[in-house]
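J.: Sequence lines, in order, name chains A and B. Quick note on numbering: the first sequence equals residues 22 to 543 in this note's numbering. Quick note on numbering: the second sequence equals residues 36 to 556 in this note's numbering.
Treat the hints with care, since some could be wrong.
[Said to hold, decoys possible] Simulated crosslink set (DSS-like; lysine-lysine; CA at most 27 Å straight-line):
(1) A:LYS122 to A:LYS33
(2) A:LYS476 to A:LYS33
(3) B:LYS232 to B:LYS330
(4) B:LYS330 to A:LYS48
(5) A:LYS94 to B:LYS173
(6) A:LYS122 to A:LYS94
(7) B:LYS173 to A:LYS122
(8) B:LYS155 to B:LYS232
(9) A:LYS350 to A:LYS372
No lab work stands behind these hints, which were simulated from the structure alone.
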Amino acid sequence: MSGTVDIEFLEKVRSQIGALVTEDARKLPSLRYCDVRMQVKEEKGAAAENGVEKMSAEDYTFDFGVRVIAGAKASAPGYYGRLLGNADVDNIAQVVMEGIKEAHQRAVANARMKVRARGRFGSLGDALYDTQLAPVSIVEDSVPATYEQDPREVSLEETVRMAVDSCRAAQGAGDQVVYSATSASTFLLRELFCSSEGSIIDQTFAQTEGFVIAICNSEYGTMEIYDFTGHQRGWEILTRGYDNGTITLPNFEVFCRNLAADGVEVANAPPLKAPEKECVVVTDPHFNTLLVHEVVGHPSELDRALKYETSYAGRSWFFRDMQDNQMGKQVASPLVTAYSDPTMEGFGSFKYDHDGTPARRAYHIRSGTFEEFLNNRQTAAILGVPPNGSARATEANLIPLIRMTNTVFEAGQQDPQSIIGEVEEGYYVSGHRVPSVAESRENFRITAVKVYEIKNGQLGQLYRDGGITSDSRDYFMSIDAVGSDFKMYPIPNCGKGQPMQAKRMSNGGPTMRGVAKLTGRG
Amino acid sequence: MSILPLSRLKALAQDALAYLGTQPDISEAEVFVSANTNLTLRLNYTSRIPSNGVEEPKSVESYGLGLRVAFNSPEGVKTGFGSEPTDLNLEGVRRALDKARMGAVLDPDYVSLPHPTGRKPTLRRYHDPAIMRISNGKMLEVGWETVEKALEVFTSSEELLNAASSPQGVKDIGLILGGDVVMLQERIAIASTHMPKVQTDESTMLMAFVTGMLEDEHAKGTGWHVSSYLADYSGQPGRDAARSAIATMGGQRAGSGAYRVVLGPQAFTEILEWVLMPSLQLDVVYAGASTFMGKVGQRVASEELYLYDDGSMPGLAASRAITDEGVPTGRTDLIRDGVLVGFLSNYYEQQRMLRDPKGGEKLGVDPASIADAIAGRNGFRTGRGGGRNFDAMPSITPTNLVIEGKTPRTPDDVLRQVGDGIYIGRIWYTYPVNGIAAGDFSGTIVGDSYFIKDGRIAAPIKPNTLRMNENIHNVLNNILAVGSERTRTVRWSSDQVTWAPEVAVDDFHLDEIAGYMEDVY
């Protein structure tokens, strides 16, 4: 079996790993559950800076991770993760079994100490429960990748050309572009999931993405602007672009040129002097992409709601405890519906999550009422609800966390032009830039790429360095128009967990209108 | 599983460099071999929601080699990087070399791989064998003693008992203990054409960051710890977090306005690392995105402020003997007495800036005149939440960031400078909302914060009720006092350490937020 690791390797070891988990692991003392995730990625890409080549690389990554739930008088989790290489190919079963044993030792020790703590702390110890997973169906399935141009067939030289030409396109937007950089990459990722319950799930994904940054100078100061493009498809995403009606991606060269041209235009606009009072704001789909991400998606993650992220990524204002929460309560205008759906096409699409749970749509807010959190098997069991397939890790050696998938505001009925046209005085907030969101997501400040004044239904003066800030519920309750122009965009770098995992997903929505306070400089 | 021995990494670095020397098209080469383990215990205790206490006892292990190679080609010198995991023999070296050769590009900014600096590393045998050899059982003990220290405080607190009316009622207040303890095991060996003698380094680190909450009391507190040694740790961040949470019970709202504030060590660290430090990296200056373009030698902050990075200081947790480029670590002054004097760099960026025709304009002085102030003392191969990774190119990474004041100030002196104002102990999501160059930032106050009355700590501030809307230049120039006592401070998913004092700042803008939450819970 020696040789270079490629995605076909997982086909060869699928049965072997499955048997390790369902047979050998189950012989370990007091083991109640085990799963092994293994993945191989074949990737290539290049980067350019100021129109010249900077690097290119073609490589593989190969790793695995183990979860064990074990214990005699109590059950508790233990984990293990490791990067692998060619040297591990011939003894992969031994390497994985050693990892299972490490995770098992940790789970058993964890369970023993949990029992000790329960005994020491009276009623406070009662909260230390026996780890359980909500039931899911046992699945054996293979899911192929979708692409036209196989990432493996793209030459490294082609990725360099793409990065350099696109960087030059950005640089060509004008003399005010003082710096530009791009990267272009494409990969095939194959993931194997085997559980002691008998599931064996083999999923392959194609992914292609590009990044561009432009630094533009003007009399008003430096403007840095950057964005990502990409989709779960092959190299054609960068050469031709993509359009399915809701996902509209120009080819990468055009994407870079447009971004830098926007940067120059915005750099030359005066900074927004934000009015003291709240005002009518119309937000475009790209701005609402970040808004739904930060202010709906994140607080809809059940691990946050159950306080797992108290120290870092934060809690959720939707949930205080099992009795006192916002489930079934109005948190937004009846015009607002938001959901996550990994079965839709997007950057966060999949058939099964990393718990082996089938993916499905979860409505967070339906007609203004909070309905369902994103969950995994463990948190679903705590809340007593069915798992909805939202456990995902960025790499197999890391632990799956509850993550957004394709999380969006649902389209409305209104023509977006009429949403602007009805505004006598207000602002049009276009394109997302940088967020700062309160700990339980109860308040936000998000800056935009462009802010236009609206007067008598017409767009007027363009401003830079503007954005909006509001208390979350107040803003969502103020929404009085939702457009029919639904769009989705890739978000490639959502950070969560310790160590930090930067996850890919899609977010999006239509044009919307509400009331908020504008922000400017300072 | 135990981390690979240093001798094996060293032997491979030596053999690999010898092999690369036999390749006719190679003009320069560097071999970096490393083994890393990140041991993390994520903690989650909740008194009225079922929880595990120690939620994620886990590790990520990695080892392998990375090559930086310069190839002679008909078009000129091409540079490439290739790495190979787990294959610590010549076959692995050949694979990594093939990747470096295949990916090599003509980078016009490339000058050379690092050359010897003439200095010698000052640190020797500074790692902790106890962290290097820690067992699974001991690892779990570290996590549980942190949880139990917090539970000991919660069960014995008179204040909590009074608030709850009965021991049973304490549970119903909604106690939370979250956070993590991270232990890093790092071993490296490095050799290159210009520094052919194999250098090795071993480093360890223990970082803990823990949050305690009493949800119904709207109280939140923090405890943290950073050290190179396991023996220094006894779970005290759990106790500190619980005590600090109890101390902030009964928090009150403050109105919007401009305040005199004291930024506590965590708050100042967060602003420093998220908002200021990107502008103090030479690659950001090269790109024209620093907020300090053309400002070297100019006053950019109150003369009270002295900021430097020192990766070589004995006893500081983020110190290392050598960088991941094989040069000795050292001290880089950044802002001295309020004047901008240097930038953090790696070797590549320093060499590029020295030859940049616009370098003088970007820095404000001739780059050659400050060559040592932009020397490559911070080239580290970071990633995976810490570690020295074989599959990463050296980037610019701070080590120990140290803040000193010009005038000695006790904590009481710092409070007295404020008189009436706000002590900001912990902030969150502090981002440069209009880009790095603009310097504007926003974030929210999430705990450990108090009113200051007559130069003394007074009533606690209710968490999540104030948003900061400020600019880094205002903060730096409105510094009233820098405390003399420094606390080692860490932030999320980073292994850099800031030795931060309390800093008093005038005219700091805060906006009251989330009034509706008073009615929600």
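J.: Would you mind marking each hint as holding or not holding in the structure?
T.: Quick rundown of the hints versus the structure:
Between LYS122 (chain A) and LYS33 (chain A) the CA atoms are separated by roughly 23 Å; this keeps the pair inside 27 Å, and the hint holds. The straight-line distance between the Cα atoms of LYS476 (chain A) and LYS33 (chain A) is roughly 65 Å, outside the 27 Å bound, and the hint therefore fails. About 40 Å separates the Cα atoms of LYS232 (chain B) and LYS330 (chain B), which puts this hinted pair outside 27 Å; it is violated. Only pairs whose Cα atoms come within 27 Å are accepted, and LYS330 (chain B) paired with LYS48 (chain A) is rejected, the gap being roughly 66 Å.
Simply put, LYS94 (chain A) and LYS173 (chain B) have alpha-carbon atoms about 20 Å apart, close enough for the 27 Å limit, and the pair holds. Of the pairs offered as hints, the one joining LYS122 (chain A) and LYS94 (chain A) holds, with about 19 Å between alpha carbons and a cut-off of 27 Å not exceeded. Of the pairs offered as hints, the one joining LYS173 (chain B) and LYS122 (chain A) holds, with about 16 Å between alpha carbons and a cut-off of 27 Å not exceeded. A hinted pair counts as satisfied when its Cα atoms are at most 27 Å apart, and LYS155 (chain B) with LYS232 (chain B) qualifies at roughly 13 Å.
Distance hint between LYS350 (chain A) and LYS372 (chain A) is unfulfilled; the C-alpha atoms sit about 30 Å from each other, more than 27 Å.
In this structure, the hints that do not hold are numbers 2, 3, 4 and 9, in rising order.
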